[in-house]
Structure formats: C-alpha cells, structure tokens
Amino acid sequence: MFDKKSILITGGTGSFGRQFTKTLLSRYNPSRIAIYSRDELKQYEMAQEYNAPCMRYFIGDVRDKERLTMAMRGVEIVIHAAALKQVPAAEYNPMECIKTNINGAQNVIDAAFANNVSQVMALSTDKAASPINLYGATKLASDKLFVAANNMAGGHKTAFSVVRYGNVVGSRGSVVPYFKKLIEEKSDHLPITDPRMTRFWITLQQGVDFVCKNFERMKGGEIFVPKIPSIRITDLAEAMAPDLEQRIIGIRPGEKLHETMCPADDSHLTLEFHDHYVIRPTIVFSSRCNAFTKNILGETGTPVADGFSYNSATNIKFFSLKEIKDCNALAEV
786 MFDKKSILIT
796 GGTGSFGRQF
806 TKTLLSRYNP
816 SRIAIYSRDE
826 LKQYEMAQEY
836 NAPCMRYFIG
846 DVRDKERLTM
856 AMRGVEIVIH
866 AAALKQVPAA
876 EYNPMECIKT
886 NINGAQNVID
896 AAFANNVSQV
906 MALSTDKAAS
916 PINLYGATKL
926 ASDKLFVAAN
936 NMAGGHKTAF
946 SVVRYGNVVG
956 SRGSVVPYFK
966 KLIEEKSDHL
976 PITDPRMTRF
986 WITLQQGVDF
996 VCKNFERMKG
1006 GEIFVPKIPS
1016 IRITDLAEAM
1026 APDLEQRIIG
1036 IRPGEKLHET
1046 MCPADDSHLT
1056 LEFHDHYVIR
1066 PTIVFSSRCN
1076 AFTKNILGET
1086 GTPVADGFSY
1096 NSATNIKFFS
1106 LKEIKDCNAL
1116 AEV
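The C-terminal position of the sequence shown is numbered 1118 in the numbering used here, with every residue numbered one higher than the one before it.
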C-alpha cells in the first residue's frame, strides 16, 4: 500500500505521527515520509530516532496554506493528524482551536487539491460525535469539510476519508501518563472526575493499524469507526493503583460522562462491518461513488438498527482489570 509512495503527515511529531512513521519504516518501503509540524525541538528529537534516507522534516503550521501547499508537492498520500486536542484548553482559547482544527483542515484540503494528492485520511475523535465541547465541535466541522471535499473534487483524483476512534492509551496529555506520574510521585490518591465515567480504549499501534487498513478500504467520503472495548475510569484507577484512594473531583470544563462514536441521529447512515463501522456521507456526491455497502477490499457492511448508538457506556465489550493492565503494558512497548 505504501511502498514507493510519497507520504506527508501533518502534526507528524505527535504520538500518532511518530508511531505511524515507525510502522511505515518497519513494514513498507516508502519513497518519502514528510513530517510537517510547527515544533522545531520535537522535529530535532524525532530526527535523531527516525533518520532513514526517505525522511524529510518541514517546519510549518496547518494554518499556513502557502507553506503547507509547498510541503505537499509530489506527495501522494496525506495523513492529517495535526490538531489542538486538549478539551479544557480549547474551552479557554476557542479561536485558537478554530484556527487550527477548522481553518487548518480546509488548508489541508486546498493544498491536496493544488498538488493532486491521491488519498487524504483525516484523524477525528469520539468527541466529534454529538459534541458538547469546542474541541469536539471543531473536529465535527473538520469531518464535514473532509467528507464534502469529495464533492468538490471536480477533475481532481483526490479522495478524502476520516478515521474516528476513542481515547488512545498513553498518548500525551491523557489519563494513563497522568495517573502514572501521580503514582511515581507517591500521591495518596488518584483523582476521579466521576465514578460513572466510561471511555473507549485503543492502543496507539491499533489506531495506526486501523488507519493503514482504511487506506486500502476507502472510496472517499467514509467516516471509519473501529470496534473497540470500553473501560470504566474507576477500573483504570484500580488496575493501575489498587491500594490508592479514588477521590472524586468533578467533571472538567467541556468533559463528557460517556463517549459516543456513532450517534443515534446517524443510525440511518451507519453500516456495520465485521471489525468496524462506516458512517456514510449525509450528502450525495455528484461525480463520486455513493455506494458504501461494499468497500474496495470487498468487505460488506449491513445497515444498523434505527436509533443505534455506539456508546462507551452501552458497548458490549468492557475490559476487565487484567485486560486493562495488559493493554496499558502493551501501549508502553
């Protein structure tokens, strides 16, 4: 899939970008991997570890369309991972979140058209489904932009799709490294926002593998959602530190009690495949395929029941304490 291909990753120095790069270098033979991000220190540090001849590093921001367009010259595949992702930070700095997550998304689309890129995959989040916080709202807007771009392609071959998945175990700013830090500092408790809270749970490598597979599946316009387990936040705390008190501190600004990846309002658009769901576009494409029941790999999906919702609280699969421990250990490898 990625052999002899030129690939660009926006936000490439982040957790996903680094793991995706590691996977590309170990499994494929790409002609070029371009890392596009705005932090020179992170690029320097990443270049020490990933310095294969095919690696390229571009300092730039997705807010800068001119720079992004230049960096995308000769690129065939784009993974858009750049985003402002911290929910409380977005609530306090709304325009900064909008500029990166919405304006930046449109700049990626425009740059892809300008360079006749073949495939673009944008990373989304469970928070984009029925959003209650600004981060989720900006990612929903971003998802809509990427889906609609397929209808604006005209004579361009560029296809755009979206991958939406849950909380990544051990990613920067997430709860696992936070709990781990508190445990290492000998804290006498772990803070729990709400004892009822549940979350979808996926390792970084599982997320990368899902994205890779969907490049093979995509026609353009799909939102791909993996079937993954849920956890209870209290179970996570117990799995990590069974002897520590769990102290309730209340939900943070913009935080949800449970997460949804396929909202009930989209049930008429949702197809179930053996290991994932696909949310079809709400719009009809004028010059693109509108049939998503069978993907490029020949996998067949079936419509879900009316009112179906893929929610972390009602998920059929919950991790046990042992499975949480095993998953956390796997995420550190």
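Any given hint might turn out to be false.
Claimed, not checked - With beta-carbon atoms standing in for the labels, derived distance ranges:
hint: 1; residue 1: L1106; residue 2: L1082; range: 42 to 48 Å
hint: 2; residue 1: D973; residue 2: L1106; range: 34 to 40 Å
hint: 3; residue 1: K884; residue 2: I1036; range: 23 to 29 Å
hint: 4; residue 1: I1036; residue 2: T1067; range: 26 to 32 Å
These are calculated hints, taken from the structure and not from any lab test. Keep in mind it's a predicted model, so treat the numbers as computed, not measured. C-beta: ideal position from N, C-alpha, C; glycine also.
Evaluated hints:
no., hint, verdict
1, L1106 to L1082: 42 to 48 Å, "36 Å, violated"
2, D973 to L1106: 34 to 40 Å, "21 Å, violated"
3, K884 to I1036: 23 to 29 Å, "27 Å, holds"
4, I1036 to T1067: 26 to 32 Å, "30 Å, holds"
In terms of the numbered hints stated before, the structure departs from hints 1 and 2, listed from lowest to highest.
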